[in-house]
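Undergrad: Got chain A; can you put chain B on it based on the hints?
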Amino acid sequence: MSAFAETILADVRVCTGCLACELACGFRWSKKMDPAHSTIRVRRDDESGLIDIKILQGCDTCRGIETPMCVAVCNPRVLSIGRRHRIQGGTST
Amino acid sequence: MKHIHADKGRCGWMGKLLRVDLDAMRCNTEPLDPYLEFIGGRGISDRIVFEEMDPRTAPLDPASVVAIGAGPLVGTLAPAASRTNISSKNIATGGIATSSVGGHFGAEMKFAGFDEIVVRGRAPHPVYLAIREGEAELRDARGLWGKTTWDTETAIRRELGDERVRVACIGPAGENLCAQACVIVDRGRAAGWGAGAILGAKNLKAVAVRGTQPIRLADPQGFWSYNQTLLQHVERSRASGVLKRNGTHGAYGVGGPEGKTPQGVRNQQDEYWPADKGQNLKEIVYREKWEIGRTACTACPTSCTHLYHLPGGRYGPLTVEGMHTNTVRALGSNLDITDAEAVLKGQALINQLGLNIDAVGSAMAWAYEAYERGLLTAVETDGLELTWGNAEAMLELLQRIATRRGIGDLLAHGVAEAARRLGRGSEAFAMHAKGQGLNEQTVRSHKGWALGIFTSTRGGGHLNGAALVERLGMNPQKAKEIFGNEAVARPEAYEGKGAVTAWFEGFKSIVDSVGLCYYTTFWIDLELIGLEQIATLMEKVTGIETSAEALAGVGRRIQNVEKAFNTLHAGFTREHDMPRPRFFESAISAGPYAGARLDRARYEGMLDDYYAAHAWDRATGWQTAACLDQLGLPEVKARLAAAGRLID
Numbered sequence: 001m002s003a004f005a006e007t008i009l010a011d012v013r014v015c016t017g018c019l020a021c022e023l024a025c026g027f028r029w030s031k032k033m034d035p036a037h038s039t040i041r042v043r044r045d046d047e048s049g050l051i052d053i054k055i056l057q058g059c060d061t062c063r064g065i066e067t068p069m070c071v072a073v074c075n076p077r078v079l080s081i082g083r084r085h086r087i088q089g090g091t092s093t
Numbered sequence: 001m002k003h004i005h006a007d008k009g010r011c012g013w014m015g016k017l018l019r020v021d022l023d024a025m026r027c028n029t030e031p032l033d034p035y036l037e038f039i040g041g042r043g044i045s046d047r048i049v050f051e052e053m054d055p056r057t058a059p060l061d062p063a064s065v066v067a068i069g070a071g072p073l074v075g076t077l078a079p080a081a082s083r084t085n086i087s088s089k090n091i092a093t094g095g096i097a098t099s100s101v102g103g104h105f106g107a108e109m110k111f112a113g114f115d116e117i118v119v120r121g122r123a124p125h126p127v128y129l130a131i132r133e134g135e136a137e138l139r140d141a142r143g144l145w146g147k148t149t150w151d152t153e154t155a156i157r158r159e160l161g162d163e164r165v166r167v168a169c170i171g172p173a174g175e176n177l178c179a180q181a182c183v184i185v186d187r188g189r190a191a192g193w194g195a196g197a198i199l200g201a202k203n204l205k206a207v208a209v210r211g212t213q214p215i216r217l218a219d220p221q222g223f224w225s226y227n228q229t230l231l232q233h234v235e236r237s238r239a240s241g242v243l244k245r246n247g248t249h250g251a252y253g254v255g256g257p258e259g260k261t262p263q264g265v266r267n268q269q270d271e272y273w274p275a276d277k278g279q280n281l282k283e284i285v286y287r288e289k290w291e292i293g294r295t296a297c298t299a300c301p302t303s304c305t306h307l308y309h310l311p312g313g314r315y316g317p318l319t320v321e322g323m324h325t326n327t328v329r330a331l332g333s334n335l336d337i338t339d340a341e342a343v344l345k346g347q348a349l350i351n352q353l354g355l356n357i358d359a360v361g362s363a364m365a366w367a368y369e370a371y372e373r374g375l376l377t378a379v380e381t382d383g384l385e386l387t388w389g390n391a392e393a394m395l396e397l398l399q400r401i402a403t404r405r406g407i408g409d410l411l412a413h414g415v416a417e418a419a420r421r422l423g424r425g426s427e428a429f430a431m432h433a434k435g436q437g438l439n440e441q442t443v444r445s446h447k448g449w450a451l452g453i454f455t456s457t458r459g460g461g462h463l464n465g466a467a468l469v470e471r472l473g474m475n476p477q478k479a480k481e482i483f484g485n486e487a488v489a490r491p492e493a494y495e496g497k498g499a500v501t502a503w504f505e506g507f508k509s510i511v512d513s514v515g516l517c518y519y520t521t522f523w524i525d526l527e528l529i530g531l532e533q534i535a536t537l538m539e540k541v542t543g544i545e546t547s548a549e550a551l552a553g554v555g556r557r558i559q560n561v562e563k564a565f566n567t568l569h570a571g572f573t574r575e576h577d578m579p580r581p582r583f584f585e586s587a588i589s590a591g592p593y594a595g596a597r598l599d600r601a602r603y604e605g606m607l608d609d610y611y612a613a614h615a616w617d618r619a620t621g622w623q624t625a626a627c628l629d630q631l632g633l634p635e636v637k638a639r640l641a642a643a644g645r646l647i648d
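Listed in order, the protein sequences are those of chains A and B. Last residue of the first sequence? That's 93 in the working numbering, and every number before it is there in order. Last residue of the second sequence? That's 648 in the working numbering, and every number before it is there in order.
Watch out, some of these pointers could steer you wrong.
EDC-like, lysine to aspartate or glutamate: derived pairs with alpha carbons at most 20 Å apart [said to hold, decoys possible]:
#, chain 1, residue 1, chain 2, residue 2
1, B, K277, B, D219
2, A, K31, B, D219
3, A, K32, B, E133
Source of the hints: derived by calculation from the structure; they are not laboratory data.
Okay, chain A solo, but in the shape it has when bound (with noise of 0.2 Å):
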């Protein structure tokens, strides 16, 4: 992925693990409730509490569709597009 290309940004602090982007994701690819097609996956530590997320390969940040799917359903907005390579606290793959 190219350092300046547009991608899903995660801000994993505000992240309350409600799964809605799993579930969004997986409607734009099949038009069912299929969160195993989704291309973003997030898992909480139950440890630390903490949240991790990770957008898969095959993610093409909805392009056609105005706002990505997942940042449409994302209420905590933690989620956002944009061209930073790095995900603010989080992981990317």
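TA: Leaving out everything else, chain B in the frame of chain A:
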């Protein structure tokens, strides 16, 4: 409801019910279709428990049935459509037990391929049920027996080699058959009302689910568009904002927004806790000292749960979620405890041991009062000083109850049975509803709230018929427009409360059956999701044409199934819908509601109105033939008639 989609039961629903026979150690899959008129979740679970349990079967008997269901909206993006319902016979009351729990278990259960799991029998040794990709297996859980719920979840994920496995499990309290044992989901979310002990008696330590099967939608684009509007509506609502910011703790608990929500104090002898005590347990104390984030159930825009971390101190390191208003009352005001850190530790223990906060809280408060009155002595408590405000005693007592050590063994029977066993006049201050331990607020001041608690089919709890509308500050005209009676908005009024309670009972039955959370609905904010919106969601997800009116009818049917279960299994009559004497006899001592208490004659009048709204018999509280005919429940009618408990 009318089916308009050709592939009935295949959108929204996964279409499968899993039967688990622990006597035979066998799992079978059945189609869900025969049950769809009861929607899912609570509705289908109730019907199964009603039909398949003999009234003579005790809750802990192997023949006892537990039904775990996730409704058709669960696993979709519908706001907070996360709820799993567990129905069974209630250990504390002998009647029905239903409990709705959030987290992510329900959605994963659907992705694993099932809407409903029905368990009966008793395994020859501890096992857990693993459901992955439509396949179920019973796995050895001897190595898990004795573990806390948190360690159980970790161990199962490790054994199955998948960190996304979701686990519903019991802790030591369930293994030791405590009446207060519940099922814990995702470490901090509880399905209460005794189902934990029933799973313990069945040697079923946990249910683990994981899958990648998609949930089909009847009208994908229509659902997405409608749901986006609904999500934004919930997000912008006052109730969602308050819950997000303050949790139920700050919104309705000790030191709530106006600092004047009456809380049970010292075993509910009073409902006024002075500010110099209450301020120690205010939500902001926890937020400023220990909060590290918020957590949400599947697809919930509200995230009412706050996540706390104690880095050190007396109990750290410790990460805890699930602190709600009931925690602060049960482990705080109702025991006169002001130690915020100990209350947080208590919440962690409750989750780890697998205990129901209301049931265990009421048993402990009863024990503290018995100790104060000299009816329980330090000899009988093995030196534990159950004096009001003693937080360390509370933490020790939780451990003793879950492991049934010493005085804990007595309390593990539940407050009503413990009082019966101890005697010495202690039954008079055993605080329960139908035998189920009570941990309440605003019972004396808010009359409809009280009615909803004491008529609740599961025995207490304010998340059924208790109408929050009394606290929403409605103007009388709006109350009349919506509920047909301006008095419903006034806490002190008895008028109109019977009909409103009956209506909310049916509404909650639907909310629990489709799988939504009460906190995103009309119950908590009159601008939020009501039956019309649920009907639209159901149509777009399932393809089944329905309406608010049709759903209200299903809600009434579900209520009547539960009511009949109570009549047949527990023999409840009108007297079981009455509050404990304390709520009539002692008034709130101070504060905005000083002097408030329930008036017996006026409560009786409110109860008459409630039975009339249900078309039940006023003298006995039993169901009438006309009511069951109108609802189309001939099998319920036949069973009641055969037992001589139907009013013609």
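Undergrad: Against each hint, give a clear statement of whether it holds in the structure.
TA: Structure-based check of each hint:
A threshold of 20 Å between alpha carbons decides the hint, and for K277 of chain B with D219 of chain B the separation of about 54 Å lies outside it, so the pair is violated. Restraint check for K31 of chain A and D219 of chain B: satisfied, since their Cα atoms lie roughly 9 Å apart, inside the 20 Å limit. Pair hint K32 of chain A plus E133 of chain B holds up; C-alpha atoms about 17 Å apart against a cutoff of 20 Å.
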